[in-house]
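Trainee: These are the residues of each chain, in order.
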Amino acid sequence: MKKTVLYDAHVALGAKMAPFGGYEMPIQYSGILAEHKTAREAAVIFDTCHMGEFSVSGANAVSDLETVLSCPVAALKTGQCRYGFLCNEKGGVVDDQIVYRMAEKEFFMVVNAATEPADFEWVRRHLSAGTRIENLSAQTAKLDLQGPGSAKIMQKLMATPIDGMKYYTWAKNRYKNTEVLVSRTGYTGEIGFEIYCSNDLGRAFWNDSLNLGALPAGLGARDTLRLEMGYPLYGHELDDCTNAAESNFSRAINAGKKFIGSGVILDPARTRRLLVGIQLHDRRSARHGDAVLDENGMAAGTVTSGSFSPSLGYAIAFGYVSLQTSAVGNHVRIRTDRQELAGTIVELPFYKKATGRMDLKKFL
Amino acid sequence: MPTPTDRKYSKTHEWVKIEGTNATVGITGHAQEALGDITFVELPKVGADVKKSAACCVIESVKAASDINAPVSGKVSEVNESLGTAPESVNSDPYGAGWIFKLSNVNLSDAAGLMDAQAYDAFVESE
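These protein sequences, in sequence, are chains A and B. When the letters of the first sequence are read in order and numbered with my numbering, they come out as residues 1 to 364. When the letters of the second sequence are read in order and numbered with my numbering, they come out as residues 1001 to 1127.
Just chain B, with the same shape it has in the complex (with noise of 0.2 Å):
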């Protein structure tokens, strides 16, 4: 699964397509690839405010749970609600119908910690 140019990525696999200053954020290819078949995914509220590399929502495969960590600091406008009854989109399409959660009021400097997609690649490789 390519990684898309178009927007950002952080340490913890998440990834965030910022426009303006609303952004989508979802977990990469190689994230889903790792955790296996996603079972459960508990999003965050929609209203509440997120913090650069705090986690914010849960993400359960068949074998663990795992932290999803916001990329970047906002307030959630919009949740993935179609992920309560199919969270094998996550698997399926990570960068599309896959994502998680939008956010408003994003703190654009935060993007400057962030990885593109050449720099994630790399990362991956030597993890």
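Pulled out of the complex, with its shape left as it was, chain A reads as follows (with noise of 0.2 Å):
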């Protein structure tokens, strides 16, 4: 089992460790509710170096990358990030990933650890000849700094005003006399950033972050953020043998260009369920497995996350169901090793006061 530069520092915090991508990763420190309410109201930190990261670039990056992700490539302005899908032949997705563009021909791409080895493998197979990827990932520590509270601790830490910064954009600033990547990303839906540094400036990052006020939050509360701004998780909501288009999230596919499981993804015969976001009526949780039923009890999909929601007080999931069982308001039930649950599918994002995508300088 792996472990990142920040394990000593989790065990001293006494936080509850637990495998998560080949990597031994911190769950929780003082309570997956606290936790979660404090990235809401406040400001958190999580050690997110477990990702992978690459550089590409070359004369042929922007059309290579067009090819590779689902997402438009060319269109990116630099110091714009966007999320998008690898997709293998069959339109099932190899990774989701955030696509940095650096310069004309250079581009950052932020994947997940489990899949970091294949996925790179992956990318540099389907390069042409002149385009260079570099793995980064054992000399990048990748730090999440989240939560209303969170820009104010960042511009703290930075040499160089970050009031101008965009959502879903990045800029190099100075950390330490050392420059530093921060780009305004997240996985919470709050006003956040996410910054790439030396292991030994992530460190550093993660202590200054801790003495100016940011809670440590573990992956509990990361998969209770992401799941109630109705963001997938890979494994879960995404997987190699899932057509991307039945995921839903269109945001993250080009329905105008090629790419590798294009002709499988904007086919819409293809597309034979949707992911759909569910409202359990009480506090009771489903879980990734239990089988989603119709209005008359027939096998309508299957639940791939669930979770009480700590913002909203009632449990919700995220499930893959019929295309007639998909529309907002059906009601639905959901059957639990222990009893039936009852629930509507509803729009996303669960939670719709997050901050991310408000004005930075009211957060200042």
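Just so you know, the hints here were simulated from the structure itself, not pulled from any lab data. Incorrect hints may have been included.
As a list, the in silico DSSO-like pairs of lysine-lysine whose alpha-carbon atoms are at most 30 Å apart [said to hold, decoys possible]:
#, chain 1, residue 1, chain 2, residue 2
1, B, 1011, B, 1063
2, A, 353, B, 1063
3, A, 152, A, 362
4, A, 2, B, 1063
5, B, 1017, B, 1052
6, A, 77, A, 152
7, A, 352, B, 1063
8, A, 77, A, 176
9, B, 1063, A, 3
10, A, 77, A, 166
11, A, 77, A, 156
12, A, 176, A, 361
13, A, 362, A, 352
14, B, 1011, B, 1052
15, A, 16, B, 1063
16, B, 1011, A, 16
17, A, 353, A, 37
18, A, 105, A, 257
19, A, 176, A, 3
20, B, 1063, A, 37
21, A, 152, A, 176
Cβ-Cβ distance ranges computed for the label pairs, FRET-style [unchecked claim]:
#, chain 1, residue 1, chain 2, residue 2, range
22, A, 117, B, 1055, 39 to 47 Å
23, A, 357, B, 1085, 30 to 38 Å
24, B, 1047, A, 353, 39 to 47 Å
25, A, 90, B, 1047, 53 to 61 Å
Just so you know, these numbers come straight off a predicted model, no measurement behind them. We put the CB at the ideal spot given by N, CA and C, even for glycine.
Two chains, each in its own frame: build the complex with the hints.
Mentor: This is the structure in structure tokens:
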């Protein structure tokens, strides 16, 4: 089992540790509910050093990545980031990622930990001869500072003003007299940042953030926060057998271009079920693998993620259901190990008060 | 959180406080710590008969659902309705406000196989 550069810090803080993506990772420190609430109301910091980072550059980098990624690439301006999928020929999802346009012919990709080695091979294999790819994962620390209070902490630590940063953009900044990469992105839905730097600076940034009031948060809260926002988790909502179109994340898919898997993904006849959000009627939670039944009690699909929603006070779930069941407002039942739960298909996100897209200046 | 010495403990981490032929049941400090934040408690029905070591209700945390086993046999005489809106009392006060149900007609011989506080602490340590 691998460890991130912050492993000792997590243990010293008394975190509950568990394996995730090949790493021994913190699940919680003070508690999932407290960490979740703090992310929505103040500031938390996550160790995301386990995630993978690649650099892709060359004269054909744009056209190569346009083929490898489901999202628009050429349309990205330098300074912008974009969420998209790496798909296989069957339209399944090899991984989900964020691509950063660093320069005219240079890109930075951020991928999941468990899939990183396979992603690297996959992308490398699909690049043309002159396009360079470098795996920066081992030398790159990544930390997520998230929450409405994160902007003030970030500004205190960075040399250059961050007030002009728009949602889903990146900028170079200076931390301890060293250049670092900061993007206004994250997995919580709140105002927040992801910082990429050396492993030594990563340790320092973790400590500085805690000293400035950020609460350490683990993968438990990260999961409940992303679920409330309707964000997918690779291995749950997305996998290499599931048609990317069925995930319903149309903003990750450019329907106007050809890319690996687009023949399946862009063919409406190949979409046979859809990922939907299900609001449960009380606090009892559905779990990954539970059956979804339609109003007549007939099998209609499967739950991919489920949890009590700390912000909303009831349980929520993601599930793939048949097209005829997928309309918002439809009532469903979920069969768990122990009972059947009543639910309703609702619009995403579940949680609608997140600050992530608001004007950053209001939080500085 | 110290383990109270006025009650008995099961290997499945429930506590039972027996008074005459009545008993109060909850989960231990160690159990709530291991489960994490409790989000839901399915209470047993008042009047139901529960059997020693058999699952009689369910407790859910953010991450998982777990059975609660009856540490002794008896008839459910009262349930902690306040857990419906405040299941977090099981975390904050597992031996007090976080009690789960009460039993009458308790079979006193059932208590024989249960641990005292010292034995339970040693059991948790060894697990």
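Trainee: Compare the structure with each hint and give your call.
Mentor: Right, here's what the structure says about each hint:
At roughly 22 Å between alpha-carbon atoms, residue 1011(B) and residue 1063(B) fall within 30 Å of each other, so this suggested pair holds. The suggested pairing of residue 353(A) with residue 1063(B) holds, with an alpha-carbon distance near 24 Å, which does not exceed 30 Å. Of the supplied pair hints, the one linking residue 152(A) and residue 362(A) holds, its CA atoms being roughly 10 Å apart against a limit of 30 Å. Our distance criterion of 30 Å between C-alpha atoms is met by residue 2(A) and residue 1063(B), whose separation comes to about 23 Å.
Distance restraint check for residue 1017(B) and residue 1052(B): the Cα-Cα separation of roughly 14 Å lies within the 30 Å cut-off, and the hinted pair is therefore satisfied. Note on residue 77(A) and residue 152(A): the hinted pairing holds, with a Cα-Cα distance of about 27 Å set against a maximum of 30 Å. The hinted pair formed by residue 352(A) and residue 1063(B) meets the criterion: a straight-line CA distance of about 23 Å does not exceed 30 Å. Annotation: proposed proximity of residue 77(A) to residue 176(A) holds, straight-line Cα distance about 28 Å (limit 30 Å).
Between residue 1063(B) and residue 3(A) the CA atoms are separated by roughly 23 Å; this keeps the pair inside 30 Å, and the hint holds. For the suggested pair residue 77(A) and residue 166(A), the alpha carbons sit about 13 Å apart, so the restraint of at most 30 Å is met. For the given pair, residue 77(A) sits about 28 Å from residue 156(A) by alpha-carbon distance, which is consistent with the 30 Å threshold. Between residue 176(A) and residue 361(A) the alpha-carbon distance is near 24 Å, which keeps this suggested pair within the 30 Å criterion.
Distance check on the hinted pair: residue 362(A) and residue 352(A) sit about 18 Å apart at the alpha-carbon level, within 30 Å; holds. Restraint check for residue 1011(B) and residue 1052(B): the C-alpha separation of about 12 Å stays at or below 30 Å, so the hint holds. This hinted pair checks out: residue 16(A) and residue 1063(B) have alpha carbons roughly 13 Å apart, not beyond 30 Å. Distance hint between residue 1011(B) and residue 16(A) is fulfilled; the C-alpha atoms sit about 22 Å from each other, no more than 30 Å.
Restraint check: the Cα-Cα separation between residue 353(A) and residue 37(A) comes to about 13 Å, which is no more than 30 Å; the hinted pair holds. At most 30 Å may separate the alpha-carbon atoms for a hinted pair to count; residue 105(A) and residue 257(A) meet this at roughly 19 Å. A distance of roughly 25 Å separates the Cα atoms of residue 176(A) and residue 3(A); the hinted pair therefore holds under the 30 Å criterion. Simply put, residue 1063(B) and residue 37(A) have alpha-carbon atoms about 16 Å apart, close enough for the 30 Å limit, and the pair holds.
The straight-line distance between the Cα atoms of residue 152(A) and residue 176(A) is roughly 17 Å, inside the 30 Å bound, and the hint therefore holds. Hint check: residue 117(A) to residue 1055(B), Cβ distance near 42 Å, so the stated range 39 to 47 Å holds. Roughly 33 Å separates the CB atoms of residue 357(A) and residue 1085(B), a value that falls within the hinted 30 to 38 Å. For the pair residue 1047(B) and residue 353(A), the beta carbons lie near 43 Å from each other, so the given range of 39 to 47 Å is met.
Between residue 90(A) and residue 1047(B), the C-beta spacing of about 56 Å keeps the proposed range 53 to 61 Å intact.
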